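Just so you know, the sequences run in chain order A and B.
Here this note's numbering is used: the first residue of the first sequence is 1, the next is one more, and so on.
Here this note's numbering is used: the first residue of the second sequence is 1, the next is one more, and so on.
Treat the hints as calculated values from the structure; they're not laboratory data.
All of these numbers come straight from a predicted model, not from anything done at the bench.
Heads up, the beta-carbon is just placed ideally off N, CA and C, and yes, glycines get one too.
Heads up, a few of these hints could be off.
Where chain B lies over chain A, by a calculated footprint (3+ residues, C-beta under 8 Å) [unchecked claim]:
(1) 99-106
(2) 225-239
(3) 306-317
(4) 367-381
Below are the DSBU-like pairs computed for lysine-lysine, each with C-alpha atoms no more than 35 Å apart in a straight line [as the list claims (entries may be wrong)]:
(5) A:108 / B:80
(6) A:36 / A:156
(7) A:36 / A:355
(8) B:80 / A:176
(9) A:115 / B:80
(10) A:223 / B:68
(11) A:141 / B:68
(12) B:80 / A:223
(13) A:108 / B:68
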Amino acid sequence: MNAFLTREQSASYAEFQEFAAANVEPFAGEWDRAQKIPDSAVSLLGQTGYLGACIPSEYGGKGWDVVTFGLLNEALGRSDSAFTGILTVQSMVSTAVLKWGTDEQRRKWLPPLAKGELIGAFALTEPGVGSDIQSLTTGFKQSDRDGGLILSGEKKWITSGQFAGLFLVFGKLDQKPLACLVPRNSVGLEIEPIQDLMGFRAAGLARLRFNDVAIPSASVIGKPGFGLSHVAPVGLQFGRISTACSALGLLRGCFEESTSYAASRRIGENRVGDLGMIQSLIARMGADLEAAKLLCWSACRAEDEHHHETFTRTFIAKYFTSQAAVRAASDAVQVWGASGCHESSPVARYYRGAKIMEIIEGTTQVHEVILGKGFVQAAIRKQLAQRREASS
Amino acid sequence: MTNDTNQVSESIRHFINNSINIDGLGDDENLFETGIVNSLFAVQLMTFVERSFGIEIGMEDLDVENFKSVSATAAFIRRKSPDKAEAAVRKERETTP
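This is chain B alone, in the form it adopts within the complex:
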């Protein structure tokens, strides 16, 4: 489980690093308070999470705490659907050379 947790976080970190310019982003760094993200980032992150982890984000999930950092987003994914999070990680392992 620890490895899977790290894999989920790594996947999110990779997406964020490809979306914003910041060197050495901390896993607990608040993405929205630091002003480093643009107005579209929130929905882009949501789309990434839904597609990569096969989960549907709905009205009940609209809470800044769920997406404020790498750690918070990873925790949200595991809470929302632990099975799918692990399956996504397994699939990534299988397809990564």
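Chain A with its partners taken away, still in its complex shape:
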């Protein structure tokens, strides 16, 4: 992928890797065991400006292209997918506000999000609603008092929910999907931490309960009826790009840790890497890594170019890379043997974290439905066009 990068993108990538090696990698295991990322680490992410990567400079952000954003996620994902999760949801909230917010909303919310003074969370999933987002039960009703709304319902599995200061919440108003911003200190909002996840344990997941929370009309993002068709897809698109690139970093971590171990660990006179069975595992990992790099780069480029295939390419990148990460993590543990089964090894954490990449921002199976159906429909369109041409 490096061959496709500009000089500036390559320089930024080197900076991101340096940051991750110094500030994330040495602590990722500790954060995982504590199931918490310290406030100081989140603050550091804000100070670097990385949380404002996708926000234009006029709102205090970096205004980077999406390829650079992808590289940032890859570099951080190499060290800790949970830490990268903060960046994922920050970009989801920021891009939704940037695209569908009013001028006033953008001026109010984007600068603190860009500087990391405010951490965002994307509150879409519910206890009973995951992939089928059209079935949301969280509801809004008109307030009798000030022209605002009243929000009631529950959200679950919300990344960064434990420490976020601002939630982008999705629900329905008279069956019309609606999105709105809800500050953490809103009266009637209860936040319950979710502990003991298999992986991604430090990502601060939470369950949210909205008990008749008053929502001023100025907090609505977009318009009633467009919450799921326009607001959510813009955020989810960046969520998928971020997750795909984070999984790419995890995949690279598996490859590098496996090759390094195979090159140094000895069995009698031989290195582990001299064994054909180990070479097979590493070969698949390396080939998957190269393929995933190209798919992620293609998805980021399509988003930069505002290409109408950007959604499809992102689905493909996330679909392939998250599964490749799971395969690589499993094989990395195999290469490391007993050492890989202990929490002192990085690959044990990769193994638990990789599976989460296949679940968040759309499961592998949801991706298969969308992509499979799309590919078959494209073939049908081609046949229809051929028939029209033959009959004319």
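Starting from the structure of chain A, add chain B where the hints point.
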């Protein structure tokens, strides 16, 4: 102007025909009421319009009436930015062999 109008509509029609399976789509046929589009179509159409015609769709443009059909989308583009719509058409003419 009539030719340009037709070109804008043709461009949208071409995009839609490449996105959904429907034979002989009418320019006034409601894309969303007939259930022929999937959940991603709305943002895909928006992305196509923004890129092809160099316009930015924002909160104030969120109205089903703006994108419900080929004719409605073409009219929206001309209202939003007539100059850019014509420039996009000219560019397409120049690059089409």
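Status of each hint after checking the structure:
Interface restraint, the stretch 99-106 of chain A with chain B: holds (4 residues with C-beta to C-beta distance below 8 Å; minimum three). With a threshold of 8 Å between beta carbons, the proposed coverage of the stretch 225-239 of chain A by chain B holds, since 8 of its residues qualify and at least three are required. With 5 residues carrying a beta carbon less than 8 Å from a beta carbon of chain B, the stretch 306-317 of chain A meets the three-residue requirement, and the given coverage holds. Remark: the stretch 367-381 of chain A is confirmed as covered by chain B, as 5 of its residues place a Cβ nearer than 8 Å to a Cβ of that chain, reaching the required three.
A distance of roughly 26 Å separates the Cα atoms of residue 108 of chain A and residue 80 of chain B; the hinted pair therefore holds under the 35 Å criterion. Pair hint residue 36 of chain A plus residue 156 of chain A holds up; C-alpha atoms about 18 Å apart against a cutoff of 35 Å. A threshold of 35 Å between alpha carbons decides the hint, and for residue 36 of chain A with residue 355 of chain A the separation of about 19 Å falls inside it, so the pair holds. This hinted pair checks out: residue 80 of chain B and residue 176 of chain A have alpha carbons roughly 26 Å apart, not beyond 35 Å.
Pair hint residue 115 of chain A plus residue 80 of chain B holds up; C-alpha atoms about 33 Å apart against a cutoff of 35 Å. Between residue 223 of chain A and residue 68 of chain B, the direct Cα distance comes to roughly 16 Å. Compliance with the 35 Å bound is thereby established for this hinted pair. A C-alpha spacing of about 27 Å is found between residue 141 of chain A and residue 68 of chain B, which places the hinted pair at or below 35 Å, so the restraint holds. Proximity of residue 80 of chain B to residue 223 of chain A is assessed by CA-CA distance (about 19 Å); at most 35 Å being required, the pair is judged to hold.
For the hint linking residue 108 of chain A to residue 68 of chain B, the alpha-carbon distance of about 32 Å falls within 35 Å, and the restraint holds.
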